[in-house]
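**Q** If you read the protein sequences in the order shown, they are chains A and B.
To convert, note that position 242 of the first sequence is 242 in the numbering used here; the numbers rise steadily by one, no gaps.
One rule links them: number in the numbering used here = place in the second sequence (from 1) + 663.
Treat the hints as calculated values from the structure; they're not laboratory data.
Backbone N, C-alpha and C define an ideal beta-carbon position, used for all residues, glycine too.
Treat the hints loosely; a few may be bogus.
Unchecked claim - Using C-beta positions, here's what the derived DEER-type ranges look like:
1. A/F593 / B/L812: 51 to 61 angstroms
2. A/V85 / B/A693: 47 to 57 angstroms
3. A/A478 / B/T808: 28 to 38 angstroms
4. A/E337 / B/Q714: 48 to 58 angstroms
5. A/S518 / B/D694: 13 to 23 angstroms
6. B/L812 / A/S32: 52 to 62 angstroms
What the hints assert, rightly or not - Among chain B residues calculated to face chain A with C-beta under 8 angstroms, some are:
7. E687
8. N715
9. L759
10. G783
11. L786
12. E806
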Amino acid sequence: MLVEIGHFALVLALLVAAAQGTVPLVGASVRSRPLMDLATSAALVQFGLVALAFAIFMHAHIVSDFSVRNVFENSHSAKPMLYKVTGVWGSHEGSMMLWVLMLTLFGGLVAGFGRSLPTTLRARTLAIQGLLGFGTLLFIIATSNPFDRLLPAPADGRDLNPLLQDPGLAFHPPFLYFGYVGFSITYSFAIAALIEGRVDAQWARWVRPWALCAWCGLTVGIALGSWWAYYVLGWGGWWYWDPVENASFMPWLLGTALLHSAVVVEKRESLQRWTVLLAILTFGMSLIGTFLVRSGVLTSVHSFAVDPTRGVFILVLIALVIGGGLLLYALRAPGLEAGHPFAPVSREGALVLNNLLLSAGMATVFLGTFYPLFAEVWSGVKLSVGPQYFNATFVPILAPGIVAMVIGPVLAWRRGNLARALRRLAPALVGALLAPFFVFLFDRTAPPAALAGVALAVWAMLGVLTDLADRCDLGKLALTTTWRRLCHLPRGTWGYALAHFGVGVLIAGIVVSTAWRSERIETMHPGQTIEIAGRTLRFVGVTEGDVANYHAQRAQIIVERSGRAAMTLYPERRWYPVARSQTTNTAIATNGFGDLYLALGDPDGKGGWVLRAYYNPLVPWIWFGAVLAALGGLVSLSDRWLRLRLPASRAAAAVAARPVDSR
Amino acid sequence: MILRLLFTAALLITVGAPSVHAVEPSERLADPALEARARSLSQELRCLVCQNQSIDESNAELAHDLRVLLRQRLVAGDTDQQVLDYIATRYGVFVLLDPPFAPVTWLLWLTPPLLVLGAGGLLLMRARRRHLDPAMPGLTPEEDTRAALLLGDQR
Chain A
1 MLVEIGHFAL VLALLVAAAQ GTVPLVGASV RSRPLMDLAT SAALVQFGLV
51 ALAFAIFMHA HIVSDFSVRN VFENSHSAKP MLYKVTGVWG SHEGSMMLWV
101 LMLTLFGGLV AGFGRSLPTT LRARTLAIQG LLGFGTLLFI IATSNPFDRL
151 LPAPADGRDL NPLLQDPGLA FHPPFLYFGY VGFSITYSFA IAALIEGRVD
201 AQWARWVRPW ALCAWCGLTV GIALGSWWAY YVLGWGGWWY WDPVENASFM
251 PWLLGTALLH SAVVVEKRES LQRWTVLLAI LTFGMSLIGT FLVRSGVLTS
301 VHSFAVDPTR GVFILVLIAL VIGGGLLLYA LRAPGLEAGH PFAPVSREGA
351 LVLNNLLLSA GMATVFLGTF YPLFAEVWSG VKLSVGPQYF NATFVPILAP
401 GIVAMVIGPV LAWRRGNLAR ALRRLAPALV GALLAPFFVF LFDRTAPPAA
451 LAGVALAVWA MLGVLTDLAD RCDLGKLALT TTWRRLCHLP RGTWGYALAH
501 FGVGVLIAGI VVSTAWRSER IETMHPGQTI EIAGRTLRFV GVTEGDVANY
551 HAQRAQIIVE RSGRAAMTLY PERRWYPVAR SQTTNTAIAT NGFGDLYLAL
601 GDPDGKGGWV LRAYYNPLVP WIWFGAVLAA LGGLVSLSDR WLRLRLPASR
651 AAAAVAARPV DSR
Chain B
664 MILRLLFTAA LLITVGAPSV HAVEPSERLA DPALEARARS LSQELRCLVC
714 QNQSIDESNA ELAHDLRVLL RQRLVAGDTD QQVLDYIATR YGVFVLLDPP
764 FAPVTWLLWL TPPLLVLGAG GLLLMRARRR HLDPAMPGLT PEEDTRAALL
814 LGDQR
């Protein structure tokens with residue numbers, strides 16, 4: 001009964017979305033207040049209905065109601081409770097439910113918090129969001145109904161893919177989808193602005209918090225996914241340029257570009273058209289990413305859904321959303337006000353360079369991801385595009401962006417002075433040039449690319465610190481005054497500093513862990529030892545036993561440093577009998593500066609076991625960096641959030657007080 | 664001691680993974696230089712029965728066979744390129760993760776640099792044209808001093 005209510009709530013939500021997507025648009029064009037106000041209540045009701053359906057779906061998973069096909073196919077009564085809950089989004093139907101939940105959540109948030117928005121803009125934005133909800137709900141109800149019944153109900157389920165029974169992957173989708181789908185609201189804002197024919201600083205001020213919000217979620221989501229791949233795949237890699245990873249990386253790249261170009265619109269009323277285009281394309285990339293993952297069009301480690309009808313449906317949805325958006329853009333963009341001019345060397349100029357490189361990087365990832373598909377269609381040649389391609393093209397495109405990332409914030413708006421900026425950044429420049437030299441003294445065999453990477457990382461980190469010190473006049477004033485200035489820097493500045501510093505930390509992690517990792521792969525017998533990165537690993541033996549829903553083979557390895565036992569690690573292998581699959585469970589010991597990473601391999605049948613041991617220096621910095629960047633986004637968001645919630649009258653006064661432009 | 668304690672206050676994680684097991688100790692060549700070449704080559708070859716893995720990362724039977732095959736070729740004295748060609752002629756170009764520069768992949772390899780250079784050049788030309796445009800003159804020296812006066816000591 002409950003399950004039917006859930007199904008019914010979905011259908012009702014579809015109807016509400018249809019009303020939300022049409023009536024307010026009419027209302028906005030005939031200036032009818034009641035018709036426009038429908039958008040707000042419809043967005044809230046739509047969110048409520050989808051949340052209800054989602055809760056009922058989750059309940060079915062928690063109580064293991066195997067009369068629901070999705071629960072039968074993806075759950076098992078013996079599965080731990082955590083994974084019964086998170087298994088909700090482990091299947092295709094469930095992840096689409098999560099998708100639409102996020103979509104309506106953002107609509108609901110704008111309806112709830114967007115009271116200071118002009119009525120027509122809010123009505124139109126919510127209407128577009130309603131249309132997106134309509135498309136997604138129709139897709140779910142028509143092709144992927146999560147409430148499909150299975151009668152008679154089977155006695156037990158088939159269990160969730162054991163790969164997904166993991167804390168890292170359990171929380172990866174909610175963050176990822178929050179980010180992915182969060183960009184739907186910037187899309188809706190962009191379309192609404194195109195309909196209104198007006199994109200100005202005020203528009204950017206409304207849009208930026210939402211873009212920041214989505215961006216933070218996507219950053220954390222991608223970092224969690226990469227962390228999962230690192231500790232799960234058993235050989236210490238953390239990024240594979242897999243189509244599914246690229247699917248989330250493409251909207252992230254464009255979303256990052258969008259955040260930065262929106263700054264220019266907000267501060268300088270320039271780049272309006274480009275920003276609107278980016279908003280459309282960013283969400284377009286989110287949809288394409290969904291298509292990649294959900295249709296199984298490209299075979300990949302992660303693709304667990306293969307069904308062409310779904311793929312075709314999403315493809316039509318993509319064509320409508322991107323095609324419609326671009327068509328409107330082509331019609332309306334020429335009518336938008338031209339931006340204020342600026343010199344190539346200026347903060348705007350640096351942000352344009354950032355946008356150019358991020359977009360070109362995105363295009364490269366797109367090309368590499370889809371090229372095998374295109375090539376097969378055109379010429380019938382089946383070819384592969386592996387990590388080597390992306391390393392050879394994407395990295396050189398983005399590297400100059402890192403150089404510019406440090407200089408940009410030090411340049412003045414409109415017209416900057418490069419020589420003066422570099423003088424201000426002198427300490428960072430000196431550090432970046434000396435660091436590779438020191439590294440070279442320690443390791444004469446270091447590859448030049450790694451040295452360049454070290455320089456880049458130091459440049460990014462020291463650059464931020466130098467700029468912060470400069471902003472509060474460190475060394476020129478009494479320390480207490482400097483400290484007070486530091487504390488009084490705007491939160492937006494702190495946000496930028498954290499995020500950019502995080503990028504530096506991330507690069508350090510990537511470069512050092514790639515260039516200086518060590519590896520030992522040996523067949524081990526009880527009592528045997530091997531050396532890795534100054535540590536001795538003593539293999540004690542393997543014990544077997546049944547735990548929860550799997551059978552475990554667990555190795556005990558004592559790690560010794562300078563002759564003394566420092567700790568014991570237990571890498572293991574698990575056999576899931578219901579899902580009939582084997583997993584490897586790595587054991588990782590980290591001290592923040594490096595990971596000792598152990599994975600247990602196959603037995604050799606003569607009492608020996610293959611052991612894979614790696615030492616990955618600075619690898620945790622990859623995730624520290626990503627978290628710092630997301631934190632920077634949050635700090636910056638808290639700043640804008642406070643400003644957004646200014647009393648409406650004060651905000652209006654601020655708008656009125658803006659100097660009228662002479663052009 | 665405290666430092667050591669801090670450093671070994673390690674975070675221990677054990678979690679689930681597919682059984683992905685790369686190179687086996689038994690496959691390894693005795694010559695370390697040859698083995699290093701074999702490892703780097705095996706990262707460039709795709710495991711055909713897996714979803715998206717190199718033979719270096721895969722535990723599939725076929726990946727094992729390919730790892731052994733490429734080591735046999737290396738021992739026989741092939742260059743890296745000869746090994747790749749040898750395997751590609753038998754298993755198709757699909758096996759090469761690093762796509763070779765050939766007519767089918769011209770677009771793949773040339774688009775990124777052309778895109779950056781083209782778009783960059785276009786932007787620079789536009790910026791220069793606008794920069795020369797008298798619509799945006801810089802400040803005159805008098806305006807500069809006035810601005811400096813108005814701004815006081817602030818930057």
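**Q** Run every hint past the structure and note whether it holds.
**A** Evaluated hints:
no. : hint                                : result
1   : A/F593 / B/L812: 51 to 61 angstroms : holds, 52 angstroms
2   : A/V85 / B/A693: 47 to 57 angstroms  : holds, 52 angstroms
3   : A/A478 / B/T808: 28 to 38 angstroms : holds, 31 angstroms
4   : A/E337 / B/Q714: 48 to 58 angstroms : holds, 49 angstroms
5   : A/S518 / B/D694: 13 to 23 angstroms : holds, 19 angstroms
6   : B/L812 / A/S32: 52 to 62 angstroms  : holds, 54 angstroms
7   : E687                                : holds, 6 angstroms
8   : N715                                : holds, 5 angstroms
9   : L759                                : holds, 6 angstroms
10  : G783                                : holds, 6 angstroms
11  : L786                                : holds, 6 angstroms
12  : E806                                : violated, 13 angstroms
Of the numbered hints stated above, the single one contradicted by the structure is hint 12.
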